[in-house]
Each structure stands twice: as structure tokens, then as C-alpha cells.
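Residue numbers (this note's numbering), protein chains in the order written: chain W, 483 to 682; chain Y, 483 to 682.
Do not take every clue at face value.
One copy or two, it doesn't matter: identical chains are merged, so the pair holds either way.
Said to hold, decoys possible - Derived pair list, reagent style DSSO-like, types lysine-lysine, alpha-carbon separation capped at 27 Å: (1) Lys-536 x Lys-521; (2) Lys-485 x Lys-536; (3) Lys-506 x Lys-580; (4) Lys-539 x Lys-643; (5) Lys-539 x Lys-506; (6) Lys-538 x Lys-563; (7) Lys-485 x Lys-580; (8) Lys-538 x Lys-560; (9) Lys-580 x Lys-539; (10) Lys-563 x Lys-485.
No lab work stands behind these hints, which were simulated from the structure alone.
Protein chains: 2
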Amino acid sequence: MLKGLPSLERLVRSLQNIPYLASKNVYRVAMHLMESNEKDLERFCNLILDAKHKVKKCQNCFNWCEDGNLCLICAATKRDKDMICVVESWHELAAIEKAGGYNGVYHVLGGVLSPLEGIGPSDLTIDFLVKRILQSNITELILATNPTPEGEATANYIASKLQVSNLKISRLASGVPIGSNLENMDRVTIYKALSCRRPF
Amino acid sequence: MLKGLPSLERLVRSLQNIPYLASKNVYRVAMHLMESNEKDLERFCNLILDAKHKVKKCQNCFNWCEDGNLCLICAATKRDKDMICVVESWHELAAIEKAGGYNGVYHVLGGVLSPLEGIGPSDLTIDFLVKRILQSNITELILATNPTPEGEATANYIASKLQVSNLKISRLASGVPIGSNLENMDRVTIYKALSCRRPF
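Full structure from sequences and hints, please.
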């Protein structure tokens, strides 16, 4: 398909390294780039490098920030600094913020423990979280990693690391999602919803 | 979601202009770019600009080419130059090449006529196709635009433009795809397959 087009092939290979680009779309994205005019492409490249240059990780919680060393949430005076919600990545943080109802601060792990992929505790920001808790007056920790095997293992690991300190640790409730249908739900979710049932 | 991150917001807006990037994936692609190291990003930008600089359109058929003014197919001595297969875009050309069995040359229209989107004959390479046919010894023209209303209209328009010249014009056969199931096929396809039935 890319016979005789070496520089296009190099670009397609580079695009294939970007996750979440379905294999057919890689060609379509490359074609879109080739059909854009040169000025727009230069502007696009400048935007990438400019964002890379300016967007940094918050020194406190590892959320993205652009001005100064703290993100908007850590810098906000109205947020409750005694409560930390631990999330896997920025996407989960954004989802919780969108849902509303949480007024504490966050800690972005940067992934989950995954021995198969070679991701150990030192690849995540767990040590910073432990240090952050020991150094300040954190009273509650919400482990909001995803309810996947890796997310559960990561939550367990973090909880075991913090057994010493006098800290209220909780995990997001698992169960049947609102608006769903028991008939179409997987049996692990139903089992979990049954075993974690709450008084009406 | 992008509050307080103006340069990231500009990048996401720019990525949203790329078609075939599903809305959620735009954020994931932006995050992937932010998490790449600066050297990789500079290399990626250089690949884009380098490909844009080198990849051109074939002067004859508007397929992509990189060395010289002709694409590999137009430059090939073994291809039959008397037969032109007219396709909408490079993707359809690649699909036909992959299927094999065609040894002629191509003409890439660059799209289809679409009054609703404001795409008229002057936005496509139809005039170049007419000139190309009048100037050379083309004997057969295969109109291989997609069997959509726009594709059919474009094929009709091209055929009407070339009524004068003594040229064999054909259209790709429409019917039931190989390996499919009549039960699951839409009625227009079945009607077309019936009306275009061929002797066994």
C-alpha cells in the first residue's frame, strides 16, 4: 500500500505508535495531514511542541497544570485538602470532576500495577502519595482505581502501604450501574452488588 | 475538562479537526503526545513536515508519489496504459490494487460530487481526466466510484462528459458480495443483483 512512498511510510509507522488510532484510521489521518496545507501543518506541529513545553505535572498530585507548579485543584482555596481521591490517570480525574459532588483533592497514579506489562510500584506515584500523607493532615483516602483486577490490586497495595498511619481509607462502591438492566449485567457485577447490598 | 490548560486546549482543538479521531480518543491522543518525551515529539513533527514536503500527487493520475512526477503505477512499463480505472480516493485505489487482477492505470478524482457539501466538478480532477483521455489512446474507462448516491452521480457525470469520444465505458458490477447471506442483505442490493443477473 505504501510502496515507493518511504517518507509517508515513516509517518504512518510513527502514527501507529499512538494508541487509540484504529489501524485503518492511521492511513486516513496520514492522508488528512498530507492534504492539509503546509502552513496549517507547521501550526499543528508548533501547537504540539508548545503544549509539550508548557503543560507540566502538578508537583503535589501529578494532575496536568500549565501555570506555576500546582494544578487548579491543588491551588484552589475552596477545596478540602484533608481528603485525597487516588485515581489512575487524568481521564478518571476528569470523569469524577464532571460527575460533581467531590470537593477534596486528587492524586494521579499514572497507571496501575501490572506485572505482565512490567509496571511496578516505582513506575507509579505511590511513594509520593505515601510521603504526601505522612507529611500533612490527610484524614481520608478514597481509592478510586478502576474495578479491574489491576485496579483492585493497586488499591490493595496502596492500602497495605498505609496501614500504619491513622487514616480512613475507602474504596469506590461497586455494583449495578444506574440506568442499567440486571438481565444484561455480567454475573461478577451482580454477585458484587448482592454481597455489598445496603439497608434500604 | 481543560480548565486552566490553554495550550493543551489549543492542541485538542487542532486534533479535533482531524477526521476519524473519535471524540474521546482526541483527549487520549493529546495525553499520549504530552507523555512522550520532547525528542520523540520533535521527531514526529519532523516526520509530518518531511512527508508533506516529499509526498506529491502524480501529475498524470493524482495518486500519491514521492520520487519524480509520476507515481509507481504510471511509471511502470508493465501496466496497460490504455485502460483507466477512475476511483474516488487513494483508499479505493489501494483496495483495488490489493484485490489484484487489474493491470491498467488509475485516475484519482479526489472525492465525489456533492452539492450539499458544495463539492462541484471543479473541485475534482474530472477536467484533467477528460484532457488525459482526449490526448492519448485510452480505449477503456472503468468508473469505480463507490455505489453510493454521490458515487453513482459522479460516474454518470463523467460518462456524460465523455459521450463524444469513442470509448468503452464500464461501471463496477453491483450485487451481492461474495461470502454474504441473502437473508441479511438490504433490499436495494438484492433488487440490483436480480435486475443485473447474468447467464450461468
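Which numbered conditions among the earlier hints are violated in the structure presented, ordered from lowest to highest?
Going through the list in order, the structure violates no hint and respects every one.
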